[in-house]
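Enquirer: Chain by chain, the residues run as shown.
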Amino acid sequence: MDKSSETDPAPDVKASRPTGASGEAPAIEVRALRKSFGSLEVLTGIDFTVARGEVVCVIGPSGSGKSTLLRCVNRLEEPTSGTILVAGAEVTDPDVDIDKVRRGIGMVFQSFNLFPHLTALQNLTLPQRRVLGRGKEEAARVARERLARVGLTDKESSYPAQLSGGQQQRVAIARALAMDPELMLFDEPTSALDPELVGDVLAVMRSLADEGMTMLVVTHEMSFAREVADRVVFMDGGVIVEEGSPAQVIGDPSHSRTKSFLSRLLDPAAAGLSEDRARGTKE
Amino acid sequence: MSMTRRQRTRVIRSVQYAVLAVVVLAIAQAADWGEIQRAFFDVEVAKAQFPDIITTALVNTVIYTLLGFGFGLALGLLLALMRLSQVPPYRWLAIVYIEFFRGVPALLVFIALGFGVPLAFQVAINQYVTVMLALGLVGAAYMAETLRAGIQAVPKGQTEAARSLGMSQGRAMVSIIIPQALRIVLPPLTNELILLTKDSSLVYLLGLSLSQYELAKFGRDALNQNRSLTPILIAGLCYLVITLPLGHLVRRLEARTARAR
Ligand SMILES: Nc1ncnc2c1ncn2[C@@H]1O[C@H](COP(=O)(O)OP(=O)(O)OP(=O)(O)O)[C@@H](O)[C@H]1O
Ligand SMILES: [Mg+2]
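Heads up: the sequence lines are chains H and A, in that order. Numbering-wise (the numbering used here), the first sequence opens with residue 1 and increments by one. Numbering-wise (the numbering used here), the second sequence opens with residue 1 and increments by one.
These are computed hints drawn from the structure, not numbers from a lab. All figures in this text were calculated on a predicted structure; none of them were measured in a lab. Please note: incorrect hints may appear among the correct ones.
[Unchecked claim] With a straight-line cut-off of 27 Å between C-alpha atoms, the simulated DSSO-like cross-links for lysine-lysine are:
#1 H:K155 with H:K136
#2 A:K47 with A:K156
#3 H:K155 with A:K156
#4 H:K100 with A:K156
#5 H:K100 with H:K136
Start from the sequences, fold in the hints, and give me the full structure.
Expert: Take a look at the structure:
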């Protein structure tokens with residue numbers, strides 16, 4: 001594991017982005033995180049930090065524990081041991097009000113998980129009203145603003161089944177944004193999409209990053225990671241093998257496992273095809 | 001064989017039609033049509049049933065059924081949630097309840113509530129309440145299992161999305177999971193409503209005042225007065241007026257669900 005980047009996470013790239021005032025707690029701090037499913041140890045000691053305003057992309061082969069790591073951060077998975085702090089609050093504290101912690105953490109899933117019985121607008125207003133206690137008018141106003149932000153103003157009264165995958169995922173992002181999160185988690189947000197729909201979703205994520213949102217993104221989209229991430233984390237076998245700037249990890253990886261993962265992902269046979277396709281042939 | 005397969009099929013078909021024709025003719029010959037009409041469809045008797053059979057009996061059947069269904073649905077939902085609870089005693093209680101009420105005849109439940117409880121506890125219960133409880137207690141056992149299956153059929157990602165937005169387990173259940181589960185189980189729940197409509201006829205066991213008569217009791221009473229099956233036939237048709245459209249609705253709902261998959 002690259003210990004140096006933990007204490008000094010790629011300062012060169014970070015400087016270009018608005019970050020929180022110094023002295024504030026980092027957005028995410030993970031210490032000695034372990035997670036087992038029964039006898040299967042999926043995460044075997046993870047340490048890493050995401051600074052406020054930072055965009056971190058997590059890459060790695062299937063089954064390496066990327067989703068599990070992400071889901072531990074908002075405790076959709078219960079860590080077996082270790083500590084996770086989000087904005088200084090200990091998520092892993094058994095006495096913590098987990099619902100309150102989750103309000104500040106937006107999560108976007110590979111399979112969108114929109115509420116199919118509600119319209120796009122209602123998908124955004126219901127959580128605001130039930131969780132944040134916002135009034136009807138305010139919730140609708142915020143919802144319309146967020147839908148506009150993802151370019152779906154005209155779809156507010158559509159049901160999820162009437163939307164394309166790309167539109168559904170953008171509504172899902174808008175739904176998370178409507179809760180005014182301080183941090184966004186993305187778990188392969190474009191993996192379930194047809195190649196031609198990936199771009200719209202990535203564009204939304206890119207603009208979010210530009211606005212200074214703290215983002216932890218599991219992705220196979222190497223061009224996105226290269227262009228948008230402040231830092232790339234490569235995971236394999238439940239540990240962080242390597243982390244650093246995109247130029248280091250993707251451009252010039254130092255570990256053989258990273259190299260072989262990247263060469264499989266960017267298989268010459270798939271050159272010219274989108275990275276989506278390249279991934280499709282791998283799995 | 002000199003016949004082709006096609007010819008043989010045609011002969012067999014013809015024989016089937018011939019047998020049917022003979023049977024129908026024989027019955028028509030043997031039957032005393034005047035007698036049959038008097039017994040099953042005496043126009044005078046039929047006329048005399050209206051409008052009460054609609055304004056009192058049919059209306060009461062609908063009221064009893066809806067009371068039972070409403071109470072049963074609420075209790076069924078509670079039982080389904082208990083059945084899915086993390087707390088084992090809740091699960092056991094729900095299982096015992098469901099197995100018990102699915103296993104005993106509804107008739108027995110009506111007798112217990114209509115006669116047993118008033119005698120044992122020396123209380124007079126409003127008949128509408130008795131019917132609501134009796135129909136609901138039995139219906140709840142069936143609806144609980146249906147609802148549990150519906151709740152489990154909602155994808156896990158829905159709960160995860162709701163929880164990740166900061167909803168509590170209960171809030172996610174009420175706002176996200178149960179509305180979807182109800183849509184999924186709408187066809188079987190409508191079937192349950194049809195069954196309850198028919199079970200509501202068990203009310204006839206209870207001592208009812210005239211204004212509380214439902215279709216079965218009404219028909220039974222009119223049968224005694226007129227010595228004609230006509231009221232029973234009309235009562236039966238009235239049940240069909242309720243159950244056939246509901247059955248049609250179930251098929252349409254099922255087709256819609258099948259299309260959505
Ligand atoms: N709920 C669970 N129960 C048992 N095993 C699980 C569970 N969730 C994940 N696993 C296992 O944990 C390992 C890591 O899973 P995880 O989903 O975190 O991998 P991933 O890196 O996200 O892979 P992918 O790229 O395919 O999404 C896998 O071997 C998986 O089978
Ligand atoms: Mg995953």
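Enquirer: Please go over all the hints and tell whether each is borne out by the structure.
Expert: Now the hints, each set against the structure:
1. As the CA atoms of K155 (chain H) and K136 (chain H) are separated by approximately 19 Å, the hinted pair is consistent with the 27 Å bound.
2. For a cut-off of 27 Å, the pair hint linking K47 (chain A) to K156 (chain A) is broken: about 58 Å separates their Cα positions.
3. Distance hint between K155 (chain H) and K156 (chain A) is fulfilled; the C-alpha atoms sit about 26 Å from each other, no more than 27 Å.
4. As the CA atoms of K100 (chain H) and K156 (chain A) are separated by approximately 21 Å, the hinted pair is consistent with the 27 Å bound.
5. This hinted pair checks out: K100 (chain H) and K136 (chain H) have alpha carbons roughly 21 Å apart, not beyond 27 Å.
Of the numbered hints stated above, the single one contradicted by the structure is hint 2.
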